[in-house]
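**Student:** Each chain, written out:
Protein chains: 4
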Amino acid sequence: MFNYITSGESHGRFLSAIVEGVPSGIEMDLPFINHELARRQGGYGRGGRMKIEKDEVQITAGVLKGRTTGAPIGLLLENKDFKIEQMPEISRPRPGHADLVGHLKYGEGIRAVLERASARETTMRVAAGATAKLLLREFNIAAASHVLEIGGISADVRGISFDEIVKNAPQSEVYCVSASASEKMKAKIDEARKNGDTLGGLLEVRVKGCPPGLGSYVHYGRKLDALIAAAMLSIQAVKGVTFGIGADFAKLPGSKTHDEIGYSKDRGYYRLTNHLGGIEGGMTTGEEIVTQVIMKPISTLRTPLKSVDIKTKKVEEAAYERSDICTVPALSVICENVIMIEISKVFLEKFGGDSLREIQRNYQSYLKQLQES
Amino acid sequence: MFNYITSGESHGRFLSAIVEGVPSGIEMDLPFINHELARRQGGYGRGGRMKIEKDEVQITAGVLKGRTTGAPIGLLLENKDFKIEQMPEISRPRPGHADLVGHLKYGEGIRAVLERASARETTMRVAAGATAKLLLREFNIAAASHVLEIGGISADVRGISFDEIVKNAPQSEVYCVSASASEKMKAKIDEARKNGDTLGGLLEVRVKGCPPGLGSYVHYGRKLDALIAAAMLSIQAVKGVTFGIGADFAKLPGSKTHDEIGYSKDRGYYRLTNHLGGIEGGMTTGEEIVTQVIMKPISTLRTPLKSVDIKTKKVEEAAYERSDICTVPALSVICENVIMIEISKVFLEKFGGDSLREIQRNYQSYLKQLQES
Amino acid sequence: MFNYITSGESHGRFLSAIVEGVPSGIEMDLPFINHELARRQGGYGRGGRMKIEKDEVQITAGVLKGRTTGAPIGLLLENKDFKIEQMPEISRPRPGHADLVGHLKYGEGIRAVLERASARETTMRVAAGATAKLLLREFNIAAASHVLEIGGISADVRGISFDEIVKNAPQSEVYCVSASASEKMKAKIDEARKNGDTLGGLLEVRVKGCPPGLGSYVHYGRKLDALIAAAMLSIQAVKGVTFGIGADFAKLPGSKTHDEIGYSKDRGYYRLTNHLGGIEGGMTTGEEIVTQVIMKPISTLRTPLKSVDIKTKKVEEAAYERSDICTVPALSVICENVIMIEISKVFLEKFGGDSLREIQRNYQSYLKQLQES
Amino acid sequence: MFNYITSGESHGRFLSAIVEGVPSGIEMDLPFINHELARRQGGYGRGGRMKIEKDEVQITAGVLKGRTTGAPIGLLLENKDFKIEQMPEISRPRPGHADLVGHLKYGEGIRAVLERASARETTMRVAAGATAKLLLREFNIAAASHVLEIGGISADVRGISFDEIVKNAPQSEVYCVSASASEKMKAKIDEARKNGDTLGGLLEVRVKGCPPGLGSYVHYGRKLDALIAAAMLSIQAVKGVTFGIGADFAKLPGSKTHDEIGYSKDRGYYRLTNHLGGIEGGMTTGEEIVTQVIMKPISTLRTPLKSVDIKTKKVEEAAYERSDICTVPALSVICENVIMIEISKVFLEKFGGDSLREIQRNYQSYLKQLQES
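Chains as they are written, first to last, in the numbering used here: chain C, 67 to 439; chain U, 67 to 439; chain A, 67 to 439; chain V, 67 to 439.
Keep in mind the hints are simulated off the structure, nothing from the lab.
It cannot be assumed that every hint is accurate.
Repeated chains share a single entry, so a pair holds when one copy, or any two copies, can fit it.
Derived DSS-like pairs: lysine-lysine, alpha-carbon spacing no greater than 27 Å straight-line [stated by the list, open to error]: (1) LYS372 <-> LYS274; (2) LYS274 <-> LYS233; (3) LYS434 <-> LYS274; (4) LYS379 <-> LYS274; (5) LYS146 <-> LYS117; (6) LYS131 <-> LYS379.
The structure displayed is predicted, hence computed values, not measured ones.
So that you can see chain C by itself, here it is in the shape it has in the complex (with noise of 0.2 Å):
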């Protein structure tokens, strides 16, 4: 059961996790590991930390030779940034944070509250969801992202190909594939950096590879779609998800919205069209996964909103801290190596195995059956 949890706080000493259920034999590719993090780091519209910190993580158990053992996989990040206990409380908690509710719940400060809220938390959950890209990347399995929308500008790229996005995405400052939306997104950013305003926008999530019949529809609480739901949604800003086409489900009827099926000696059952996303009745179909993203905007603004002080009752604006303006392309990265996370939960449901030798012959034995179904 491919399962983690993480640890730390934004200027804490260090961030860890441990993820649980890794088979043995995966080579353990940290260069790679450490890639998806420069990824994260990266996108324009980030403030000054990102200077800062270069975000490598060290992998502190689990590995042995280079390949996974099968054992829990301890990840470790040490963050250069590290002040936690000099850091100053806080006292006007900021809108759209954890800030205020976090200390009503705990008490212990609004301090403490966003050292954890904080989406520094995601350089973990990138670690950990690309050690799952490295067990599904030996079954041809692999994610894409790229931006749609920042602030409103947004780039007309539906129906563009799994391939145009991988290489196209990365040559752009906000991960947009559009050459031209990537510059006006550029300068809304710019825009609202002057105004001392941040933005929020719409990302595009797809995974390649996936056999039909990951998840599975006879318990709610298998489905897959219902699984990766939950995995964007619990990413810091995250407030919204859909899938294939999205809104135009409810606009569309019945017939201009499910996929027809056809069928080749060759490809064996596909579908004449993708709309659904990939996934029907909770599992997948074989088509690529595609998931669209909402972000809002960052929540810490330099020009900041009305707040009240925890101690005095009184209006005030609400506390600033050093942060970015945007930072939906470096979202982007994180919701493609979560949802990495939720195709390995399902995957080794389905495929079993220890090793990724087993894994591999439970999986050829299915690709057979299908052929033969």
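Keeping the supplied structure of chain C fixed, place chains U, A and V upon it in accordance with the hints.
**Tutor:** Chains U, A and V alone, transformed into the frame defined by chain C:
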């Protein structure tokens, strides 16, 4: 820990559910549960089956003298339309349903798939959810829902109040608070019926009365919005979920999307707006929870889509099985009940307690703590 | 993942269970399940109720044409002795039962407690366990049990074979393989009955046919012996569980307690002895699983113990409710079925698979791997 | 939701754990945790490694200004004896260890198995358990343990009080309260050492201060004794667990084994005896929890057992790796800490609460309820 499993097939003799973790001392209001089941059966756009069935659930366990005992609650519903062993096998899978992939995965034929994948299962989810409603109404936490869009016809009802929803949605055959939009939606449904087509839509669920601090930011697995998203996506035909102002988060800047904080002696902390939909950092803020759910059109079309016969591998028209035209209204009831299960989980996690009396004490003492914070 | 919940009260109308995670394609042999239920009802030392009831379960879901479909399996059992709403309230809690603490905790009276805490619930655990047996018999994994001791009368049967248990235990009214010990145990039970007293005992469960490698050492939560221990202790009246030579591990040195390893072409690796009871490092070794379970005497005595009336707080005799004298034989059947649920969990975790056919393929390919290791 | 995962290998650089679900406001007493680790390292019968290592854990997350914040707690321990990549591969599996089966299962060699399967992992379980102790000591719930038997030498200490254990067990090098038995146990260990052999034993853990009503009978998954049994059996080398008078339940009649109920104004309900070991119906009774744990002898013998070389398939002597002679005393410390994790789970489930302050309020109000019951 509020937890449940359902079992049962569309034309099986019994549907059932077991709900574990319900505290003792809750008045088990059976007419209320059956009323929720009746609401689920309603809505313009239904086909014939809802005339055969009048869903009424029996409580088979966990209740004595009309009150919960703390033991698992057994819920049992007898299908009048019980003929599963006589139902014909199907060889032409319906696109959009679990038919094809379910058969490839489980290998027991398409009939075995569709009987379980059918949205008939949602009766038990409503029954379980109604149990959660009974628990939460003791704390003045209530849910309501209304339909925003069907087949492209949308109601302009942004900003409508909870009470207006409660009052007006039931007046409409499509559970939409706007009488004029309701008429247009019904016409659209009639048109789809004439065309042998089906329609999806968009609906909104609201929950009012939650204290601040349900859910948590400390661990990705405890974020309330993630739990709700999973619950919504696990319902048949749901393809997306958004919170608060939803897609507008990708358009508006941070200065227009976060909810500034106010304070008064009477109300304590409150928000000047509720763009975030009542959840910040994975926790309730104390404002209304506001979430929207996208439903795809029903997958069974009288004018069938192209499919492939699984025996001959030839392209054929998909099978047809008696079905509805539009169940967006029904879905609104399902979502409304299912969301309450997730609220119950985090509510009981926060307040603990084995009996209603104990939870009430713990709850009151937290409200007092909030007042003093 | 094989998972289940039960519901139901001792004198409620229905007991039920839902079993989730059973693969498709298993022949659902209802007479077999009912046979297990009948075995559970038997054994010398029973009181009157077992004469009223002849437990037969209905399968309400998850099965079509006699085979599992992969959907949750619904199990329903109607109590003939159904009169829960007429049963008298009780004010003098019976020591050893959940009566007193259950009432303090849930506050709904002692009747509400004892109806659920009753070992009548184990009917559904046997039914669920019999489902696991049906799955595992497809892989030649079988469980057997026999009684070792009742009320201090013990059978000297160390080293008896699995086949002897299967053959001889059913010959005995106390499910003990030794005919002479059986007679003494029955006499002891008669004596206890005469004295208004009750008896506990000790029994052994064996599982044969498990391949090496079920369970794991990598994470404390995945150790098979831990799973089995929890399952056994979760059965009413169980007070201890040991594996292999049990208490002798505290006495003998390491040189006499570990199982040396042999190898032959035919058998692969094997053990010269089986002191450890088939589990090493939380994993099956391939030898028989051997576990012993201690049962306390039944808590309801005709010659009552001292208690306190919860209304008057005066010392009184505990209430008496029709009961058995000794149910160690019945417990052996319960344990035998319940252990198979835990084996199923780790079996399916290792071999994955949605259908019997797929699991068989994965299983066979693992057996081949073992041969080549 | 007290929950944790550990990672780390015996000779890896770091061992770590993440503990999720600890409420805020607990004083994180690091010297206390390290004291528990030191106790675990002690005991007569240890080999050389415990002289190399002085285990001290760092808290890497979840604590600010010395108090828990509600966030996951990161625990990190650096192995001084860090040389995993230099450790030699092993080809002759040691009977009793996970070596053989672990290799068959994961296929990465025996070194990869033994490094994780090693009881060195229990350092992190003690560290996590010590965190639970810190939580529970705020409610005057405390655990103690003592050794009852080593290699057949047993101490006759039935009926000893909790306070005597706390006072006298630490005086003994084998953590046994009887000075004379301690000397005999040490002599037995010396003898085993001379013979190249190892010893197992029996120990008892007690927990005092639990209110009645932790755990539950309503669902098999919530019984406290089942949770404890799983926790104990999940510790390396544990082969059995019993509660209260243990094996005597199979011998004595019901009239001598159940705990009669008394009542006084001051104490409320109490028991005249505590044969059941403080748990009835899966719930604490308010009496001391009493549980015994059987440990097998350490599997690594200097005078090796027979094994088979996995490369040549020839019978050979098992590999030898520096090891201890007897670690029953260490195990008593491990069990004592691990049991507190399970108590914490049911404690937090019952009392809910995010902060120590809130839990204290809920707890006090329950105590008051008990007084009034």
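**Student:** If a hint holds in the structure, say so; if it doesn't, say that too.
**Tutor:** Now for the hints, and whether the structure bears them out:
| no. | hint | in the structure |
| --- | --- | --- |
| 1 | LYS372 <-> LYS274 | between (45 Å within a copy, 24 Å between copies) |
| 2 | LYS274 <-> LYS233 | within (15 Å within a copy, 47 Å between copies) |
| 3 | LYS434 <-> LYS274 | within (19 Å within a copy, 32 Å between copies) |
| 4 | LYS379 <-> LYS274 | between (52 Å within a copy, 25 Å between copies) |
| 5 | LYS146 <-> LYS117 | within (11 Å within a copy, 34 Å between copies) |
| 6 | LYS131 <-> LYS379 | between (58 Å within a copy, 25 Å between copies) |
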